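Based on these hints, arrange chain B on the given structure of chain A.
Chains A and B supply the protein sequences, listed in that same order.
According to numbering that gives the first Met the number 0, the first sequence holds residues 0 to 261 in order.
According to numbering that gives the first Met the number 0, the second sequence holds residues 0 to 377 in order.
Everything labelled a hint here was simulated from the structure, so no lab data went into it.
Some hints could be false.
[Claimed, not checked] Calculated pairs, SDA-like style, for lysine to any residue (alpha carbon to alpha carbon, straight line, at most 25 Å): (1) B/Lys43 / A/Ser187; (2) B/Lys115 / A/Asp193; (3) B/Lys300 / A/Asp193; (4) B/Lys115 / A/Ala124; (5) A/Lys147 / A/His164; (6) A/Lys48 / B/Asp17; (7) A/Lys48 / B/Glu117; (8) A/Lys235 / B/Glu117; (9) A/Lys198 / B/Asp1; (10) B/Lys265 / A/Arg86; (11) A/Lys198 / B/Asp306; (12) A/Lys223 / A/Pro137; (13) B/Lys265 / A/Ile25.
[Stated by the list, open to error] Here are a few chain A residues that face chain B, going by a calculated C-beta distance under 7 Å: (14) Met186; (15) Ile191; (16) Tyr195.
Small disclaimer: the values here were computed from a predicted structure and weren't measured.
Even glycine gets a Cβ: it sits at the ideal position worked out from N, Cα and C.
Spelled out from the first residue to the last, the chains are:
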Amino acid sequence: MKIVVCIKQVPDTTEVKLDPETGTLIRKGVPSIINPDDKRGLEAALQLKDEFGAEVVVLTMGPPQADNALRESFGMGVDQAILLTDRAFAGSDTLATSHTLAAAIRKISPDLIIAGRQAIDGDTAQVGPQIAEHLNLPQVSYVFDLQKEDEKHLIVKRSFEDGSHRLRIKMPCLITTLSEMNTPRYMSVGKIFDAYREKKVEIWNLKDIDIETATLGLAGSPTKVQKSFTKSVKDKGVVYDDVSPKEAAKLIVDKLTEKYIL
Amino acid sequence: MDFNLDNEYDMLRTMYRDFSEQEVEPIAAEIDEEERFPAETVTKLAKFGLLGIPIPKEYGGEGADNLAYSMAVEELGRVCGTTSVIVSAHTSLCAVLILEFGTEEQKQKYLVPLAKGEKLGAFGLTEPNAGTDASAQQTTAIVDGEDYVLNGSKIFITNAGYADTYVVMAMTDKKMGTRGISAFIVEHDFPGFSIGKKEKKLGIRGSSTCELIFEDCRVPKENLLGKVGKGFSIAMKTLDGGRIGIASQALGIAQGAFDQTVNYVKERKQFGRALSKFQNTQFELADMNTKLEAARLLIYKAACKKDQRLPYSADAARAKLYAAEVAMEITTKAVQLHGGYGYIREYPIERMMRDAKITEIYEGTSEVQKMVIAADVL
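Chain A on its own, in the form it takes in the complex (with noise of 0.2 Å):
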């Protein structure tokens, strides 16, 4: 069983801190991480790897900084992990993005393809089912549990607002993972080792892999961002425990009147 595991770097947004004059983010100094949805999929695909032999194969595009992740991704115990980068993908959106992701995948034929289920940067959760559509691929999102059931199929458990659907899906296919799934391994001392002194990262460029120009970078990105704001601090929340009925609803209405709303 070959699993391809698509992360992305994303700035460590609990790191992340207000500049107080401005109110502005200070991304300076904030350390990158690989997104966590994203790192959920890659313990995903270990466990599959440790149960039932497969082999794993991480891919991200990104700048040459991305190595990083990568290499942390051979810490944890992945087999195989690739660099998709060149200037032609510089200002990708989702869609250019995916077409790129989903033509590296097409070379590398997995029987399965994890994504995570969205980016704390971005926050779209597109790219993931956008690669299964180009690839013309069953795809399962928000899975918080898989299983192997033989050779050929999966039975994954997606979230929904209101429950989970337990479904039975056919390989190869694409799902998209959340947080809650599973609880990331640590690396290993002699992994982060040989990360470094024996593993290599693979570089794809854009002669690597066979596409239409016209999809990707900023050319094939339909998406224009109007205008980008950053959200107001909130005051922390007050909870009040212990209160009866009658109290709470005191509470509610003196606040709602505080607020003019009432």
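Below, chain B alone, put in the same frame as chain A:
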């Protein structure tokens, strides 16, 4: 000369810190309070390769080096003195010792499970009358048929009672003095070997420190480690490496106290402003930070020299002497900057100060380090 760590070391530190903060720190206060050996942590340490860091892969280890190992002890020590010494004693004083002096058979039988963390290691040198004067060994090992028969006792043995594999020094020929001392690998269930009194300590209270008792304990001849009469030399070389581990522990404890203090002084307000706004606080922190950095450089230098197979005995002594003294000084100052809150067990600072003291004593007191350094200078 390049003072930047290679990328793999940065990534190792990230992994060590994540592991320490998530798996070790949450129970650090509890195991101290209850004087409980954290057996559950040992299982986790094994799982992620933290019990075989500088051991080659062919012997079940991680195939990393002494710098990588030293950083692990440092990061563990930053949140828990107890956990860091469990790793240090196991690795420096048992696994590495068998790697360096064991036969191929001994390595397969004892080193492989130690490096994989399936078994825990310990080291027995100190006796009631042989502390700094380690040559005054009274435990004896007499040949009887295919065995050596050990009699005597060891004290203050880290990991005792929880370790499976012990490297023990004993006199095989009293007339020969230090050249009459030999090293043996003793399994925890060898007949005649038992664990004596468990010590109640000032610090590192979760670590197990006990007496080892040998009463006609039969050790097969093939468990002689190194040559007959080479035990003292093996012990001294082992302690050189062990000092890098303990220096790293001291640095970790000091760094932990420093980091706690930096957070505290930014939040704690007196006279209407944060403690961090007072110049006294700033100057204290500047001194602490400088000493931490100096200790770190001494330790990494010693570790790198060991990795490069260069003589490092005096470097390890300097690192251990300085880091231990810095740990005591920084944790004491950290308590002072915390004021009353530093003295109570609700905060980790008093524990760090208690844990720091032992680093000036074990694996050679500060005075012993000065003897080693002076011998190098003179």
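(message) What's the verdict on A/Lys147 and A/His164, does the C-alpha distance respect the 25 Å limit or exceed it?
(response) holds, 16 Å
(request) Compare the distance between the alpha carbons of B/Lys115 and A/Asp193 with 25 Å, and conclude whether the hinted pair is satisfied. (result) holds, 17 Å
(message) Run the distance test for B/Lys43 versus A/Ser187: straight-line Cα separation, threshold 25 Å.
(response) Holds - the C-alpha atoms of A/Ser187 and B/Lys43 are around 11 Å apart, at most 25 Å.
(message) For A/Lys48 and B/Glu117, compute the direct alpha-carbon distance and say whether it is at most 25 Å.
(response) Satisfied, since the Cα-Cα distance of roughly 23 Å is no more than 25 Å.
(message) Need the status of pair B/Lys265, A/Ile25: alpha-carbon distance at most 25 Å?
(response) holds, 20 Å
(message) Can you confirm whether the C-alpha distance between A/Lys198 and B/Asp1 stays at or below 25 Å?
(response) holds, 24 Å
(message) With the threshold set at 25 Å, check whether the alpha-carbon distance from A/Lys235 to B/Glu117 stays at or below it.
(response) This hinted pair is violated, its Cα atoms lying about 47 Å apart.
(request) Given the hint that B/Lys265 pairs with A/Arg86, test it: the Cα-Cα distance must not exceed 25 Å. (result) With a Cα-Cα distance of about 45 Å, the restraint between B/Lys265 and A/Arg86 is violated, given a limit of 25 Å.
(request) Starting from B/Lys300, check that the Cα of A/Asp193 is at most 25 Å away, please. (result) holds, 23 Å
(message) Checking hints one by one. Is A/Tyr195 an interface residue toward chain B, by the C-beta closer than 7 Å rule?
(response) With a closest approach of 4 Å, the A/Tyr195 hint holds.
(message) Would the hint linking A/Lys223 and A/Pro137 be met if the CA-CA limit is 25 Å?
(response) violated, 29 Å
(request) Given the hint that B/Lys115 pairs with A/Ala124, test it: the Cα-Cα distance must not exceed 25 Å. (result) Given that 25 Å is the threshold and the Cα spacing comes to 41 Å, the pair is violated.
In summary, the numbered hints that this structure violates are 4, 8, 10, 12.
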